[in-house]
Amino acid sequence: MQAFATLLLQTTDLLPAGKVRLRDRTQDSARALETFLAGVERKAFRIAQIALRHEADALDAVQDAMMQLAHRYASRPPEEWKPLFYRILENRVRDMQRRRIVRQRVMAWMPWQGEDEEEASDPMAQAPDLGPQPAAQVESDEMMRALEKAVSELPGQQRQAFLLRNFEGLDVAETAVAMKCSSGSVKTHYFRAVRALRAKLGEFHT
Amino acid sequence: MSIEDLNEGTSEFEQRARELLTQSAEHLPASVRSRLTQGRYAALASRPPLWQRSLVFRWVPAGAAAVLAVLLLVAPHGENPAVSPLAGATPEDLALLADTDALQLGGDLAGDQDVDADFYEWAAGEADPSATSSVGT
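Protein chains in written order, with this note's numbering: chain L, 13 to 218; chain H, 37 to 173.
Misleading hints may appear alongside valid ones.
25 Å max Cα-Cα, derived DMTMM-like pairs, lysine to aspartate or glutamate [stated by the list, open to error]: (1) L:Lys-212 / H:Glu-48; (2) L:Lys-212 / L:Asp-153; (3) L:Lys-161 / L:Glu-91; (4) L:Lys-199 / L:Glu-91; (5) L:Lys-161 / H:Glu-62; (6) L:Lys-192 / L:Asp-69; (7) L:Lys-199 / L:Glu-165; (8) L:Lys-199 / H:Asp-154; (9) L:Lys-161 / H:Glu-48; (10) L:Lys-199 / L:Asp-76; (11) L:Lys-212 / H:Glu-55; (12) L:Lys-161 / L:Asp-69; (13) L:Lys-199 / L:Asp-153; (14) L:Lys-199 / L:Asp-183; (15) L:Lys-212 / L:Glu-160; (16) L:Lys-161 / H:Glu-55; (17) L:Lys-161 / L:Glu-151; (18) L:Lys-199 / H:Glu-157; (19) L:Lys-212 / L:Glu-151; (20) L:Lys-212 / L:Glu-154.
If you are wondering where the hints come from, they were derived from the structure by calculation, not from laboratory data.
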């Protein structure tokens, strides 16, 4: 009986410590995830934007990918987050591209064949910034636009391999996980992407 | 230039492309940055609590289903066939069952609506007076 009472007392002493540890673990995990998301969100947005050529859709795609990662994969080791996140993002981008194709087909049959309401809603937001800019900035912007257009015109897997390897800086193995293919395929897609971009952009690299 | 060379990502073209893309990501409009921050907070808020993310929690439904399946397989369906209805029978009971006349009598009792129950009760009382003390009173 005395042994039981001692055990009970010890257990009671351990409970608050366990609670504190659990709270600390939760906070650490949340902090790690927040740091990760803050670190990838801008590049992820640009990757989605280049693929979708639409700012609002790109923002939606990134937010969906963040939600899915946090909801389903937060318990996975942090080193697995990046390839998983980009895999989710690419799936989301493809869903949106498919949906857009279907919408365009449906719209083609509609009598009014109106523009996308969202795009047409705010002409000011769509207008280019015509303020004074330094010449170097203008040149850089033009190069960026040319590069963005060329990358967006690449076949899906080449675009993905190029952006993940070159822009996001994933290694071949991580890119293979994100693209759900072999390392050899990643290398091939990347090689073809760079060759195609060079052919299109010509003087871009000189 | 070979595949391996290009996959090192060190050519001037690749470096220039990386530089431009990185610049464009660093100079996003404030509205976009704000939306990304909102999205990040929403994602963090949507995280399930730690106890739900643990392996134990994730395996509880599967474990419960497995236990239920095992119980359904092991549990007896209706009467237990291992227990014989004759298990507690005495030799007298078996002899009674083997007696074809007695069975005939039982059949008569079950089938005949005009059975004289009083007669059988009287007969039983004659054999054991203490059992039917109420008969004839």
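We went through each hint and held it up to the structure:
Distance check on the hinted pair: L:Lys-212 and H:Glu-48 sit about 16 Å apart at the alpha-carbon level, within 25 Å; holds. Only pairs whose Cα atoms come within 25 Å are accepted, and L:Lys-212 paired with L:Asp-153 is accepted, the gap being roughly 17 Å. Among the hinted pairs, L:Lys-161 with L:Glu-91 is inconsistent with the structure: their alpha-carbon atoms are about 32 Å apart, more than 25 Å. Restraint check: the Cα-Cα separation between L:Lys-199 and L:Glu-91 comes to about 22 Å, which is no more than 25 Å; the hinted pair holds.
Restraint check for L:Lys-161 and H:Glu-62: the C-alpha separation of about 19 Å stays at or below 25 Å, so the hint holds. For the hint linking L:Lys-192 to L:Asp-69, the alpha-carbon distance of about 23 Å falls within 25 Å, and the restraint holds. Restraint check: the Cα-Cα separation between L:Lys-199 and L:Glu-165 comes to about 19 Å, which is no more than 25 Å; the hinted pair holds. Using a Cα cut-off of 25 Å, the hinted pair L:Lys-199 and H:Asp-154 is violated, with the two alpha carbons roughly 103 Å apart.
The suggested pairing of L:Lys-161 with H:Glu-48 holds, with an alpha-carbon distance near 20 Å, which does not exceed 25 Å. Between L:Lys-199 and L:Asp-76, the direct Cα distance comes to roughly 28 Å. Violation of the 25 Å bound is thereby established for this hinted pair. A threshold of 25 Å between alpha carbons decides the hint, and for L:Lys-212 with H:Glu-55 the separation of about 18 Å falls inside it, so the pair holds. Annotation: proposed proximity of L:Lys-161 to L:Asp-69 holds, straight-line Cα distance about 17 Å (limit 25 Å).
With a CA separation close to 29 Å, the supplied pair L:Lys-199 and L:Asp-153 exceeds the 25 Å bound. Between L:Lys-199 and L:Asp-183, the direct Cα distance comes to roughly 10 Å. Compliance with the 25 Å bound is thereby established for this hinted pair. With a C-alpha separation of about 12 Å, the suggested pair L:Lys-212 and L:Glu-160 falls inside the 25 Å cut-off, and the hint holds. With a C-alpha separation of about 16 Å, the suggested pairing of L:Lys-161 with H:Glu-55 holds against the 25 Å cut-off.
Of the pairs offered as hints, the one joining L:Lys-161 and L:Glu-151 holds, with about 15 Å between alpha carbons and a cut-off of 25 Å not exceeded. About 102 Å separates the Cα atoms of L:Lys-199 and H:Glu-157, which puts this hinted pair outside 25 Å; it is violated. Restraint check for L:Lys-212 and L:Glu-151: the C-alpha separation of about 18 Å stays at or below 25 Å, so the hint holds. For the hint linking L:Lys-212 to L:Glu-154, the alpha-carbon distance of about 14 Å falls within 25 Å, and the restraint holds.
Comparing the model with each numbered hint stated earlier shows that hints 3, 8, 10, 13 and 18 do not hold.
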